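A.B. asks: Following the hints, position chain B against chain A.
Just so you know, the sequences run in chain order A and B. Under UniProt numbering, the very last position in the first sequence is 390; numbers go up by exactly one each time. Under UniProt numbering, the very last position in the second sequence is 390; numbers go up by exactly one each time.
Since the hints were made in silico from the structure, they are not lab data. Quick caveat, the model's predicted, so the values are computed rather than measured.
These stretches of chain B come out as covered by chain A in the derived footprint (C-beta under 8 angstroms, 3 or more residues):
hint, stretch
1, 191-198
2, 201-207
3, 227-235
4, 274-284
5, 291-299
No more than 25 angstroms apart at the CA atoms, straight line, and that leaves these computed lysine to any residue pairs for SDA-like:
hint, chain 1, residue 1, chain 2, residue 2
6, B, K156, B, D352
7, B, K250, A, R305
8, B, K100, B, E18
9, A, K318, B, D260
10, B, K250, A, G310
11, A, K281, B, G216
12, B, K340, A, W332
13, B, K100, B, P370
14, B, K225, A, D227
15, B, K225, A, N264
16, B, K258, A, T32
17, B, K225, A, G216
18, A, K344, B, R253
19, A, K146, A, R20
20, A, K340, B, R254
21, A, K318, B, F261
22, A, K38, B, K258
23, B, K258, A, P134
24, B, K156, B, L377
25, B, K146, A, F263
26, A, K314, B, R248
27, A, K258, B, D34
28, B, K340, B, A304
29, A, K225, B, N218
30, A, K38, B, D260
31, B, K340, A, D359
32, B, K146, B, K156
33, B, K258, A, R305
34, A, K314, B, R254
35, B, K258, A, G216
36, A, K250, B, Y337
One-sided excerpt, in silico: chain B residues whose CB lies under 10 angstroms from chain A:
hint, residue
37, C35
38, G36
39, M131
40, P134
We put the CB at the ideal spot given by N, CA and C, even for glycine.
2 protein chains.
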Amino acid sequence: MSEYVVKGSEKGSVGLVEKRYFTFAQPPDLMTLDCGAKFGPITIAYETLGTLNPDRSNAILVLHALSGDSHVAGYYSYDDPKPGWWDIMVGPGKAIDTNKYFVICSNILGGCMGSTGPSSINPATGRPYAMDFPVVTIGDMVRAQKALIDYLGIPKLLAVIGGSLGGMQVLEWTLLYPNMMKAAIALATTARHSALAIAFNEVARQAIMADSNWNGGNYYDGDAKPDVGLAVARMIGHITYLSDEAMRRKFGRRLQDKSDFSFNFDVDFQVESYLRYQGRKFVERFDANSFLYITKAADYFDVAREHGQGSLVKAFSKARAKFLVVSFSSDWLYPTYQSKELVKAMKKNCLDVSFCEIDAEWGHDAFLLPNERLFSLISGFLDHASHEIN
Amino acid sequence: MSEYVVKGSEKGSVGLVEKRYFTFAQPPDLMTLDCGAKFGPITIAYETLGTLNPDRSNAILVLHALSGDSHVAGYYSYDDPKPGWWDIMVGPGKAIDTNKYFVICSNILGGCMGSTGPSSINPATGRPYAMDFPVVTIGDMVRAQKALIDYLGIPKLLAVIGGSLGGMQVLEWTLLYPNMMKAAIALATTARHSALAIAFNEVARQAIMADSNWNGGNYYDGDAKPDVGLAVARMIGHITYLSDEAMRRKFGRRLQDKSDFSFNFDVDFQVESYLRYQGRKFVERFDANSFLYITKAADYFDVAREHGQGSLVKAFSKARAKFLVVSFSSDWLYPTYQSKELVKAMKKNCLDVSFCEIDAEWGHDAFLLPNERLFSLISGFLDHASHEIN
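Here chain A stands alone, though its shape is the one from the complex (with noise of 0.2 angstroms):
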């Protein structure tokens, strides 16, 4: 055995993983969005890991935050440089073990990632979409992923699982389709984006939009993007993402790359270099128009206005699985309130559901973070989901 350990052999590792991709929605068979909309072709890009059991019975749905994608754990070549997204959390041995569960993991509707989305082409008029791209939900969303999931040929999954955005999409899908999982896992999110959320997602969609390149959503023929804008609209997010405490120990009042003030406008502290760094980074793998529609999707979210007329609880009358529902003490932007909330909903309706507010210090991000705690409720959830007969 070779001491040079490739990309994606090293241990716990799934290995090399394929981006697929599945077209529904053809013409004249649309598929109606919540918008009233009727709206196809829509093609998912995804990836799926580890065999499905032969009764079917395994399967695993992660669903990604806003700027996740289908590219949840493994590599695509010997030379990727990074794995997926989730790659803590899913592989052999791992809390979503890969040895046992089939996992799959599809890009969003309206993503940018492979998935249709404001990027792709539309048909109709051999251009991109644009801002002719219709706005989305997470149920739309979760209908798509649903085709998919049909199309894969699974009748039931053993668990839906995803974090802040994902576990939104979690939500929709225990009420949408109370009997396609046995259990859900709901991590660092909410049953309704609060004012103040909403608040930081229009703040940034005025930032694209104020980008003179973003040009009301034309920017895809010409070399200029609103790169800019959705920089400042990644770093407005970045910042919610930390908490207090964890921006005072990662950055504290530290300068950088320097002993003394610059008295100008250049970087003088870390945090700021941070934050510049985060905004350039995204901008070379996002799509401006893929932001504004997803965070969009965000702030409409209301499980109680779609599912409950109003009522949180009247809302998961319809639900069926058996939860597990993880708060992070830090987080700001979906506050542990709003998980209890849920949980509150869920047991009035004497549902199966197990809650726990992880006690960390790294904010809303923590869920993506390496957490033992986190790993052995995850893994210990699935385990015993497995073993119910249903």
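C.D. replies: Showing chain B alone in chain A's frame:
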């Protein structure tokens, strides 16, 4: 007496006030700034209310926050649509009682409301300074205020008082000129900007500098100003001024003039409408470059670094004033723990300090809102200070 009450004549109003100007640091007697540059001439816009008593012992200097100005209370004319920014606090019979005290408020150095700032004409070029304006600090602002107080012939202030950025000036005053005041009132402020506060300011600055109309700060000659970037910056600020709870109460998920989602990128939610309105309103009255300079001054502010070689306790060994420090329970921009750090450092120096955390749900902005507890604290503290022999 007419039933028609003209502006400024209602009970508790200080009536009409006038903006005045004081110019100093005329070449060659330039002021040395913290950045090392020698700078002048400097004009400071200021207003005074009430009457200076014969022994000149009843003067209170009010220090304004980021977007404030010298117009602290009263009206400029009988048809002035609204009074100064702290009219609820300052006036005859109010907490800062103009029947007793001579109140001074000046626009900060670097501002855009009459004091010298980036939009002022550089006498050397005959054009606005723009980004040739030096990066000023809270210390520089306070040194300019000291020149004004000297000019007004006041040997010692009864008190300095301010909230937020105004509170930083209060702290700076007590350390730069320890014997120049009997009392100091610091509201909703901090001894240093946290990484979180710097992060918000940095994103706001990036939003301004990302606006193509900003043009490296040179927008004074043309028609187009970086209004969109400045509006986004202001929107970011407004989020930080409110709390999660305040936003939920004030807006929740209520829709703006509609009963259903628009499924487009117009305003859906009241909170979006509020933020866009605040952004629009701000650009009418504020200069984008001033916003850059003032936020930078706030980020640089660090009492321990400037006055205590890194130690807050050491910094306050210079202070002589008696202090009132007030924080607000829902302020997450400058949370209570930061005020407590201040108070601890003051107490370790055996300073006379009163501290109160006011239970208020309106976030950072609470210091600007009506609050009986705050009024009585300030009124009592000033009354006590004015009767003390010092």
